[in-house]
Amino acid sequence: MNVKEYISSGILESFVLGELSPQEEQEVLAMAEKHAEVREELDQIEKSFEQVAIQTAVKAPASVKESIMSSIEPAAEAKTIPLPPPKQERSLYRYVAAASILLALVSSFLAWRYWNNWREAEAELSTLIAENQQIADNYNQVNEKLDGLARDLEILGDPAFSRISLAGTENSPESSATVYWDESSEQVYLRIKNLASLSRDQQYQLWAIIDGLPVDAGVFDVSDGLITMKNIPEGATAFAITVEPSGGSREPSLETMRVIGNVTSG
Amino acid sequence: MNNPIDQAALAERLRNKEKDAMNLLYDRYSDALYGVILRIVKDNAVAQEVLQDAFLKIWNRIDSYDPAKGRLFTWMMQISRNLAIDKLRSKEISQSRKTDDIQNTVHTTGSTGTTSQHEEDIGVRELLSHLREEERLVMDLVYFQGFSQSEVSKEKGIPIGTVKTRVRMAIKNLRKILGSE
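The listed protein sequences derive, respectively, from chains A and B. So in the numbering used here, spot 191 of the first sequence is number 191, and the numbers just go up one at a time. So in the numbering used here, spot 136 of the second sequence is number 136, and the numbers just go up one at a time.
Please note that the accuracy of each hint is not assured.
Unchecked claim - Listing some non-contacts, in silico: residues in chain B with all C-beta distances to chain A over 12 angstroms:
1. 17
2. 30
3. 87
4. 121
5. 155
Said to hold, decoys possible - Dumping the calculated DSS-like pairs for lysine-lysine here, alpha-carbon to alpha-carbon at most 30 angstroms:
6. A:34 with B:19
7. B:172 with A:65
8. A:4 with A:47
These aren't lab readings, by the way, just hints derived from the structure by calculation. For every residue, glycine included, the Cβ atom is placed at its ideal position computed from N, Cα and C.
Let the sequences and hints guide you as you build the complete structure.
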């Protein structure tokens, strides 16, 4: 077993705790003598236990001291080399100084800890604020979407609206669209399906055919849900969608027509 | 708070039976040792008795202290722990705590109901809070409550080697924490 393994086995801690047999103790001491590393570690462990004991000290009642001091006697032949009696005053100052240093150490430690905690809390707080903001944004988006859906649903379910299906032309056979048109209120809504996205300088334009002539019903970009279009008065017989320059045209470019459908009068 | 007096010099003066040295020794270390003892016996009156026994033993048996073996404090701590554990196991208070009923009392203060240790426990709990759960357990049982490592191994079903390395890690981590103060 090498020295590192020996140290990490925990035998030195057992030694300091006094849990080893005398023989095992001798072995530890022999190792300590042989390896400076073991001696050093042993010393560190002892100091650690000592520190822990000091940190977790409990004030012993003064009566115990009196009782101890009165029951011990200096050896009869004690050749006490009287050390210069410590000056009361000086030693008092020393205690006061020691106490203030200790107090300072403890307070700086506590200050440091609180500062650390505060910093952590601060960081946590800003994360939470950011998350909260995100959730609020999401909520608003969802809410708007929900409002839109509720409106769409109202229109879809409203019997006043007639439903005109527009089918894909040769240009775009897979496309389709539905126009919801209330003749009396002239409101027009549009729902599209499979219309390709356009370049930025182009837009789709919806046309109503009234008396054989195309009437502009507004431009739109590809989007989900119902798109609100311009009002169309009574008399439209068909609707169609063409591709026009952004902003729309006065006359439809018929060759770009994507979908078309007739109003089936009911 | 560790450095000011040289423990070796103090031991030498005790060997010369200087009462002043005893005075100093008591002032310096009685509270630390009292804490050690009280947490093991968990009773103020008993702890005071043990503390007194410990200091008398230190005074009377100072010749058996071998500086080559370790620090004076370590020797005193071992004396105190052993006396406390002996006391605890002696008949007079054995019924209040049995080894087959190891309790993690630092975390369940008052369950043994002998003393109000709340204040004393704050420091311990604070200190232990820095450790990992498994280290806290062994440190509490082995160091603070005076169970032997093999008792903890048996009672908690943890291999003895593991108990030992956990004690070691606990001490190492505490060393870091105390070092930073």
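Tested hints:
no.	hint	result
1	17	violated (4 angstroms)
2	30	violated (5 angstroms)
3	87	holds (15 angstroms)
4	121	violated (9 angstroms)
5	155	holds (16 angstroms)
6	A:34 with B:19	violated (37 angstroms)
7	B:172 with A:65	violated (33 angstroms)
8	A:4 with A:47	holds (20 angstroms)
Checked against the numbered hints listed earlier, the structure breaks hints 1, 2, 4, 6 and 7; every other hint is satisfied.
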